[in-house]
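Which chain is which? The protein sequence lines are A and B, in order.
The numbering of the first sequence is the working numbering, which starts it at 85 and goes up by one.
The numbering of the second sequence is the working numbering, which starts it at 85 and goes up by one.
Source of the hints: derived by calculation from the structure; they are not laboratory data.
Treat the hints with care, as some may be off.
Here are the computed lysine-lysine pairs in the DSS-like style, where the Cα-Cα straight-line distance is at most 25 Å [to be verified]:
| no. | chain 1 | residue 1 | chain 2 | residue 2 |
| --- | --- | --- | --- | --- |
| 1 | A | K196 | A | K111 |
| 2 | B | K111 | B | K86 |
| 3 | A | K205 | B | K92 |
| 4 | A | K273 | B | K111 |
| 5 | A | K86 | B | K267 |
| 6 | A | K254 | A | K86 |
| 7 | B | K111 | B | K87 |
| 8 | A | K126 | A | K254 |
| 9 | B | K172 | B | K205 |
| 10 | B | K136 | B | K148 |
| 11 | B | K111 | B | K235 |
| 12 | A | K86 | A | K147 |
| 13 | A | K126 | B | K196 |
| 14 | B | K111 | B | K136 |
| 15 | B | K92 | A | K147 |
| 16 | B | K267 | A | K196 |
| 17 | A | K196 | B | K92 |
| 18 | A | K148 | A | K126 |
| 19 | A | K196 | B | K86 |
| 20 | A | K86 | B | K136 |
| 21 | A | K254 | B | K205 |
| 22 | A | K111 | B | K86 |
| 23 | B | K111 | A | K270 |
| 24 | B | K172 | A | K92 |
| 25 | A | K92 | B | K126 |
Protein chains: 2
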Amino acid sequence: MKKSLGAKTIAYPTPVFIIGSYDPEGKANVMTAAWGGICCSKPPCMCIALRKATYTYQNIINKKAYTINIPSEELAYAADYFGIVSGKDEDKLSKAGLTAVKSDLVDAPYVKEFPMVIECKLIHTIEIGLHTQFIGEILDVKVDESAVDSKGIPNLDVLKPMAYAPEVGKYFGLGREVGAAFKMGKEIKER
Amino acid sequence: MKKSLGAKTIAYPTPVFIIGSYDPEGKANVMTAAWGGICCSKPPCMCIALRKATYTYQNIINKKAYTINIPSEELAYAADYFGIVSGKDEDKLSKAGLTAVKSDLVDAPYVKEFPMVIECKLIHTIEIGLHTQFIGEILDVKVDESAVDSKGIPNLDVLKPMAYAPEVGKYFGLGREVGAAFKMGKEIKER
């Protein structure tokens, strides 16, 4: 039997994305977002959903660009901090001791110390309710050289991306490999 | 130094969602989708992105409803199968030996053997490119009683949700707890 938990935003896993943007004075800001993901293969796009009250919201409206940074487990404390305070009140990167790097593709900064960044150009803005969804075309994905194998495939043992678990209120690392996609289901197909 | 991987759909983690829908004859269909996530808190909403060529696409257009099922690791092989074949060609649930249950809230089926389901009513359709994004309002979240603790919080050790890793092409379980959200970053705030 299933138990009803009500109309709540609960799904697993959700990502831990750090959104990079510039304010009107050119100050780099970052905020944490778990509401988002990939939303189109051609053109390659990612969506993120933010409240209008965030500092990042207005930055993205102004600059039509953002980065999605993927922090490793080691910097979970910084990723969490970026979701606790507003860029209106603090220079978050400076306080966390992390470094903004200007993207050469979009008018947005990324975080040097995070091992992966996705650079996005805003192409759609959808008003949903409390959250506004931004859809951005992916112009490039950059990964630390140490976290890419010889075939150019990201190495998750080095990247150590995290998942956020709503309602549970915790971050988790990725765990054991369950199987190969587009392969482990073939046994059923061939029945 | 960061290495450029190009304009590709790479982000970690992405979810393993099984989308439930009814075809015009009332046959339950399921497909796997990793392009999706939560996209609004009020109203609570989730988005999924599908290609128009999928059987599910037309089902959702017709019924204006879908479910998002979250499979556990044990049923990874079925989740993978649901992404390999089309409901146009096979009765996927029957072939996998799984059971469709009609939602009492929306005109869509969910999968009894998967421990969690999110029932969604279509509220927005956004044409992006190869993929169309459906935004659905969450009407309820249902979880197996065995996977909810005494406080009504999902127990991830029982749910065992998976993450899909694009480019790597593998499914992973969730791993060790990294820390508590909205807590572990407070140390930086208080600096």
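Status of the hints after comparison with the structure:
1. K196(A) <-> K111(A): Satisfied, since the Cα-Cα distance of roughly 15 Å is no more than 25 Å.
2. K111(B) <-> K86(B): violated, 48 Å
3. K205(A) <-> K92(B): holds, 14 Å
4. K273(A) <-> K111(B): Distance of about 19 Å is within 25 Å: holds.
5. K86(A) <-> K267(B): Roughly 31 Å between the alpha carbons, so the hint for K86(A) and K267(B) is violated.
6. K254(A) <-> K86(A): The given pair, whose Cα atoms are some 23 Å apart, holds under the 25 Å limit.
7. K111(B) <-> K87(B): Outside the cut-off at roughly 47 Å; violated.
8. K126(A) <-> K254(A): violated, 33 Å
9. K172(B) <-> K205(B): holds, 23 Å
10. K136(B) <-> K148(B): Holds. K136(B) to K148(B) sits at ~15 Å (cutoff 25 Å).
11. K111(B) <-> K235(B): violated, 36 Å
12. K86(A) <-> K147(A): Since the Cα atoms of K86(A) and K147(A) sit roughly 45 Å apart, the hinted pair is violated (cutoff 25 Å).
13. K126(A) <-> K196(B): violated, 34 Å
14. K111(B) <-> K136(B): holds, 19 Å
15. K92(B) <-> K147(A): holds, 22 Å
16. K267(B) <-> K196(A): holds, 24 Å
17. K196(A) <-> K92(B): holds, 20 Å
18. K148(A) <-> K126(A): holds, 19 Å
19. K196(A) <-> K86(B): holds, 9 Å
20. K86(A) <-> K136(B): violated, 32 Å
21. K254(A) <-> K205(B): Cα-Cα ~28 Å, so violated.
22. K111(A) <-> K86(B): holds, 22 Å
23. K111(B) <-> K270(A): This hinted pair holds, its Cα atoms lying about 22 Å apart.
24. K172(B) <-> K92(A): violated, 32 Å
25. K92(A) <-> K126(B): holds, 9 Å
Hint compliance for this structure: hints 2, 5, 7, 8, 11, 12, 13, 20, 21, 24 are broken, all remaining hints hold.
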